[in-house]
Amino acid sequence: MGVILTIIRREFTDWWRDGRLRWLAGGCILLLLSVALLGWQSTIAVVDARSAAIEQETENFLNQGAKNPHAAAHFGQYAFRPTLLPAAIDPGVDAWMGKMVWLEAHRRNLAEFRPAEDGASHGQAVTLSVSWVLQYVVPLLLVIMGFAAVAGERDRGTLALLVAQGLRLQTLALGKGLAMSAAIFMLLIPVVAVVIALYALTPTAIDTHDAGTRLAWMSLGYLLYIVGFSGVVVCISMLSRSARTALFALLIFWVSVVVLIPRLATDSAAARHPLPAASDFWAAIKRGEGADVVSEIPEERAARLRESVAAELLARHGVGRIEDLPVNFTAVYLQRLEEADAPAFDHAYGKLWAAQENQRVSRSIFGVLSPTISLREISMALAGTDPFALWHFGQAAEAHRRILVASLNGAQARDGAGRGFYVAPANTWQQMPRFVYEPPLVTAVISRHAVDFILLILWALIPMLAAWLIARRTRIAA
Amino acid sequence: MVDRKTNKDRRLRTGLLKAELALLRHDRLFVIGSLFALLLALYATFGGMQWQGVRGVAHAEGVMRVAAAIQREATQLGAIESGELAISDAAAAGLPHVVGTEFALPPTAISGLAIGDAELRPTYASISATTRMHEMFRFQEVDNPVLLGWGRFDLAFVVIYLLPLLIAGFGCVALSADHESRVLQIVLSQPVSARRLATLRVILRGSVLVLATLLGLASGLLLGQADLTASVDHLAWFIAIILFYSVFWGAVALWIISFGRSSETNALMMVIVWAVIVLIAPAINTFIAREISPMPSRLEYIVATREAENAANRGGRELLQNYLLDHPELEAARSDAVSPFIKTFFLVQREVERVIEPIVARFAAAENAQERTRQALRWVSPRDLASESLLWSTGNSVVRFADFERQARDLRADWLRAVESAVVAGRRLTADEFSQLPRPEFREVARAEFFQRHASSVFVLLLFSIIVSFDAFRRLKKFSSA
Chain S
-9 MGVILTIIRR EFTDWWRDGR LRWLAGGCIL LLLSVALLGW QSTIAVVDAR SAAIEQETEN
51 FLNQGAKNPH AAAHFGQYAF RPTLLPAAID PGVDAWMGKM VWLEAHRRNL AEFRPAEDGA
111 SHGQAVTLSV SWVLQYVVPL LLVIMGFAAV AGERDRGTLA LLVAQGLRLQ TLALGKGLAM
171 SAAIFMLLIP VVAVVIALYA LTPTAIDTHD AGTRLAWMSL GYLLYIVGFS GVVVCISMLS
231 RSARTALFAL LIFWVSVVVL IPRLATDSAA ARHPLPAASD FWAAIKRGEG ADVVSEIPEE
291 RAARLRESVA AELLARHGVG RIEDLPVNFT AVYLQRLEEA DAPAFDHAYG KLWAAQENQR
351 VSRSIFGVLS PTISLREISM ALAGTDPFAL WHFGQAAEAH RRILVASLNG AQARDGAGRG
411 FYVAPANTWQ QMPRFVYEPP LVTAVISRHA VDFILLILWA LIPMLAAWLI ARRTRIAA
Chain A
3 MVDRKTNKDR RLRTGLLKAE LALLRHDRLF VIGSLFALLL ALYATFGGMQ WQGVRGVAHA
63 EGVMRVAAAI QREATQLGAI ESGELAISDA AAAGLPHVVG TEFALPPTAI SGLAIGDAEL
123 RPTYASISAT TRMHEMFRFQ EVDNPVLLGW GRFDLAFVVI YLLPLLIAGF GCVALSADHE
183 SRVLQIVLSQ PVSARRLATL RVILRGSVLV LATLLGLASG LLLGQADLTA SVDHLAWFIA
243 IILFYSVFWG AVALWIISFG RSSETNALMM VIVWAVIVLI APAINTFIAR EISPMPSRLE
303 YIVATREAEN AANRGGRELL QNYLLDHPEL EAARSDAVSP FIKTFFLVQR EVERVIEPIV
363 ARFAAAENAQ ERTRQALRWV SPRDLASESL LWSTGNSVVR FADFERQARD LRADWLRAVE
423 SAVVAGRRLT ADEFSQLPRP EFREVARAEF FQRHASSVFV LLLFSIIVSF DAFRRLKKFS
483 SA
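Sequence order for the protein chains is S and A.
The first sequence stops at residue 468 when you use the numbering used here, and every number in between is there.
The second sequence stops at residue 484 when you use the numbering used here, and every number in between is there.
Incorrect hints may have been included.
In silico lysine-lysine, DSSO-like type, Cα no more than 30 Å apart, as pairs [to be verified]:
#1 A:K10 with A:K479
#2 A:K20 with A:K10
#3 A:K345 with S:K276
#4 A:K10 with A:K480
#5 S:K276 with S:K341
#6 A:K345 with S:K57
To be clear, the hints were calculated from the coordinates, so they are not data collected in a lab.
The shape of chain A in the complex, shown without the other chains (with noise of 0.2 Å):
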């Protein structure tokens, strides 16, 4: 009795499923929408693996430039040292504050597809013991700044915008159109329910809507040529997060319908919850972050530098003797390789970088806050949960900027330490001491912490989805197609 009725039940399933898919094959709009989706995706992926493409190459250039010029200058001072080569044939080998080193930040394989910040944060360090502070990430990038503005056409901004306008706008309306035109009663008049009618369109339409972009996120990176073996498990998160994000987005469309409206009503309802999570919460949620962590004023940090290198200008010439005083190994090795004005420079900008620690401490401290706060509050934000996880994924997140800046000062402070006593003596550097220089190698974020970050972001959008699918099951309940 129990088989028969379970194998009812499934010829029914079956039946209605070919049904709704026969309907959704007749459906123009919605192949057309599809196809909107699936070109978009390719469009998008297609324009990304470009960008990627002049960075990686870009990338690769500067690996190879700095390899060749440590090659070359340990190749000099060794020939230096063994009688090989005079030092007139080789005049700035080994002089501590002509060496020096880049420092870039590593695109993934997959970077173009949510692009991000990653035209506007640095990701290209020049490190040496003559570069500034300030200085060591001015060689950026020269964007427009309307394209930074605006931002690109990349696949986030087709996941994060377009998609869940495809599926909740043909999703709300999945029952209201045939309840408009009485076609619903004769529906449900058959042993199936609202709910269950209603979950399954939204279903079928979210799948073939988000099939269709990830046929265009393969067509693309095919066309694309993308290599991805190195980043396999970022793609299977990328692709993780687009359909978490669009589960969300179909419950939000099964939410709409359990209300029962019209399909005017369903479709402005779609539309006022998309902009409210979409565009209005994402641009509230920076306002609070930055109003809640303001940073200070970058005019007041550049004065008080300003400040702080007149005082020490003027001290120049005792601060280079107070140092050989702390310093009196260094009177033996003295040598005039480097010019007193070098010396001198040298130590302003030491003296300058003490005395402006506590600010640059404060910004620090500032940006941190503010980060903290704006990751605080995108729990609240389905579209900032999936935004910063496609971000993540790709390698173009604030976190892994804001790593790759704090490694490059840590590399300059290291290079600096270890150029410092040469500079001062004004000598030049041995093979040895340069073959122990700080070596620029980006250290990626540790796995655990990309996993936990990613899980719990897939968790919470999960949470979002329960609730609001709990919310429409239990009016759908009640739907009634009279």
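For reference, chain S alone in the conformation it holds in the complex (with noise of 0.2 Å):
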């Protein structure tokens, strides 16, 4: 143990000693920082922007004034996504998701307005955040730092030398892996700070939902990642003949695993499972695909619904005209076409999220290459910034939706019983059910991501056997 602490200790006076370092981790410290408190001041405005919305359109909804229920339901309601906590650590592809949905009648929309449409291109550019800082220039920082870490040794003469001292070499690369990855994490540790003074500090009006363990599960992800880096720079190191080597190499590893592979996993995911296109999608919903009745002329699957609702509520009620009937029967009826309709969105909805969840896992196995591409799903699904919390959400805004509709069309049925064009009172839409949201539960996350995370648990632990083997096999001549 006392080898160790001495090896982590010369390196970390070797790093201090080279400008170029200091110069580099602070210009590193700096920008975490930055990205951390400009990240965190967003995404506060962002979720105070959404209760805000949420309460003007609650107000909206409430002061439509005396009207038709359905036309309440045409006007419906918008569902705004919610944003969450550790969404300023990792913004994940949040711009590219729409931020609310519109709920109507006899219709289940996408979500709307994605961030990344306004304003200025998003193009290739990245957007800065602490998760981007992690997953692409840390692991360049673990490379610069320890390519030079055994085969600078070997190129000075000094690794016979320790060796000759019994200075085992297994012994030597542990220390200098640990010492890479404590030196990051002391990088780590003003940001960390900062992010649990933020945290602590956040306005207790604002749900925070579980951000403290989405924010641990984070760090864990993140902490096996840097080991796994660090893991792979000291095996590279060992391997190569010279620190010049050593360091093309991990060039070259880095390119390829942060930069090259996860562009070519997320393209070959969608060539492999496209998505449908929108044309499509409208049609088959247009169509009635995946509903009791399916029909190229839907004017004409609605007319027959509505001749059979006619014809089972006269027999039921035992009249022979619609206008004798003990409810409303235009409401009856547009809940029938409500309900006849869901199994079509269901299914289009069901066979896009199908494609969706093809190609994450087709990038997932991709993890196999690139721990990268492991590490991004991970981080944006607990930040809350992945499609999965887009679709959860749609998935709650359509269960409202029906409900919403239901309770409109029922109160129509109800109170406008032989009214025709019934007129409801002002204060029919205090009695309608609001939306409530929960987002996915953290174990519910974590439960989907469980491949990735063995997948980057087994990049920490490879290159580390990897390691101790090279360094069992690997005879120094003196």
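Dock chain to chain to rebuild the complex, using the hints, since each chain is given by itself in its own frame.
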């Protein structure tokens, strides 16, 4: 243990003496702190804006005045997707996902108003965030710090000297790897302190949605990532004949793992599991695919349904005319139409989600080649900034839409009997259900990404094991 | 005497070139790197052509659909007016709230080479009297957010991210490796300067890598069966940007060499410079643009729209009465072809748009301000300059998308004006009125502006290259192989 501590101490002294590393580390801390503070600030602003929008939207719905309930169902409600606090650390693909869903009669809408559509082009630009620095810059810093870990000793001829003094190569590798990881964790201390302070200072009015647990799991993911990268750096440094070779090999590794493979993975997943074209997607819904009756002419389907509902109601209530029914016929028919259309929406949206899930699984497989993919998937899932967060929200919003429309149709069916065009009093809207949304539990997120976690653990363990094996087999020439 | 010296110089240069080419041929790592560039460019180009093929077919189908709908509607209206067709046989013909059109942004023949925001920005608009303003772009492609966020593996990605790494990576150690093995001392004992040797080696390596990329591009275009007849100038600019961007990275490699450090230090410098130029600076630019010119909240926009809709709905009946008071001429033309609900809906939407106009204008102003800031910042970022120009060449620039949105909104405004009186009077359009309706046709940006944009980017990239090379040459003059 004492030897390992000595190695770690010596590494720290060497790095401290290297002016370039001091600058790099300083720059990295500054960048991390800035993006952490700004990310938190903008996340809190988004959370506040959403709360205000929900309040105003509720007001708008309640203040419709006297109106036909079905017209109110067409006016509908907007459901606003929440932003979780960990999004400040990892904005994931939040900018490319709609922030709100319009809940209206007859139609399940896609989430709209993607922040990326607004303002300056995203193109291939990156969004600065803590997660981006940790996923891209920190591994590069590890490469720069560690490429000469063992290869440098070999170049200088000190490796043989150290071994001659009785130092085992395994101990040297372990010491170097630990030193690198420790240095990075020390760099992260101020950032973690700031995040904890910001979390503690978060206004109590804001629902944190297990932010503490989410951040803890995210930290575990990043810890495994950093340990894994440190292990790879030590392995390659041991295998290389010179520090120069080690550096080139590590730079190629970094570019491949962090930049190249994630893009290839996304692209190939999209090619293997293409999403339906918008025209096909909406056409399938229009045809009623997945519903009991499929027809190229939806108006005909609706007309047939209307006739059957009329016949059923007249028979059930034993009357001869629609006007004599003890319920508002239009409302009952509209509700049946909603129920008849629902399976078509479930079918089309289900297919869409299945394709996205297949893409995720396909991407995750590339995690075998790149831990960055596994980490990104885990990190954005925990931050609530991945497509699952949108899907989960969309499902909840759709469930609410159906309840809301059924309640409005119900009010018209009950109170509008025998009145033709029924205008409900202004206080009707207060009796309608409100949308309350709870994001998925952390356990659900973790279980969805179990494979990614396993891959990250393997990425952390295998390089360590490999380093140990390489160290055992390496013969040092005097 | 002078001739003899010139001949000797030429012979020396030729000899040096031959020797360097032979060295390159035997550099296995470099050969692998060049093949890698070729394969990546081929894969990216072919993938891009596939993507573009799907887009092109969808667009062509849309154009045919619009043409067929216009033809059908015009024929029906003509037949109704001449008495050949009864209204009951074509119930929806000429109804001003039913007729509509589609407006789509045409993809260029090389749009798959740099996809950029093409999957994010609206490229399709549906226009009719009953389509609300915020609904006109709702039938967008349904893409996976991860694909949008992480980006596609297109040729622009290869050119912007990977080609610089290869050029600067192989270039920055062009002298140091010989320096470390003491071969450089022997080479420089010949009448050749370190500056000339370094420049030659960087140019040779860069040229081979660029050629490999272009070969990949050409093969990808051939395999993808691209029809380039209408986009030759676009492709020429695309290639020109690749060349000038590569020249810049060659200059960076030369600049790194000029410090005379070891291969490790050079490689480290190279990767840090690459990360700063390609990753960090553009991210900071985007961040600054957003901070300096922030966008108003979309939530605020939607809430204001809803408030206005509520208010207008409550006064819907009055809106219709007021409109008819302002337009007494419509009273005589009144018919019941359009339901009162549609008439009110139409006027309510018109009122909503009038009320939220200042908010929409504020959005547009903020968006323009942000884009202006970003455009200004790109002059300090070679990566942004090159990326922007590649997107311009392929017709996927932000400016073109914004132009499309503006033209779509203008078309919608013209359309609503054209059908307004018929909707409120509740009557069908005549065949003549139908033929006068605005037709969708995307007007491309003027060629002069296209040229100016590219020329300025190329000029600034060249300026960056000259500045960096100048400093590199200055340092290389003092380069010592000792």
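Verification of the hints:
Distance check on the hinted pair: K10 (chain A) and K479 (chain A) sit about 22 Å apart at the alpha-carbon level, within 30 Å; holds. Our distance criterion of 30 Å between C-alpha atoms is met by K20 (chain A) and K10 (chain A), whose separation comes to about 15 Å. Taken as a hint, the K345 (chain A) and K276 (chain S) pair is honoured in the structure, with Cα atoms around 25 Å apart against an allowance of 30 Å. A distance of roughly 25 Å separates the Cα atoms of K10 (chain A) and K480 (chain A); the hinted pair therefore holds under the 30 Å criterion.
Straight-line distance between C-alpha atoms of K276 (chain S) and K341 (chain S) comes to about 15 Å, which keeps the hinted pair within the 30 Å bound. Our distance criterion of 30 Å between C-alpha atoms is met by K345 (chain A) and K57 (chain S), whose separation comes to about 17 Å.
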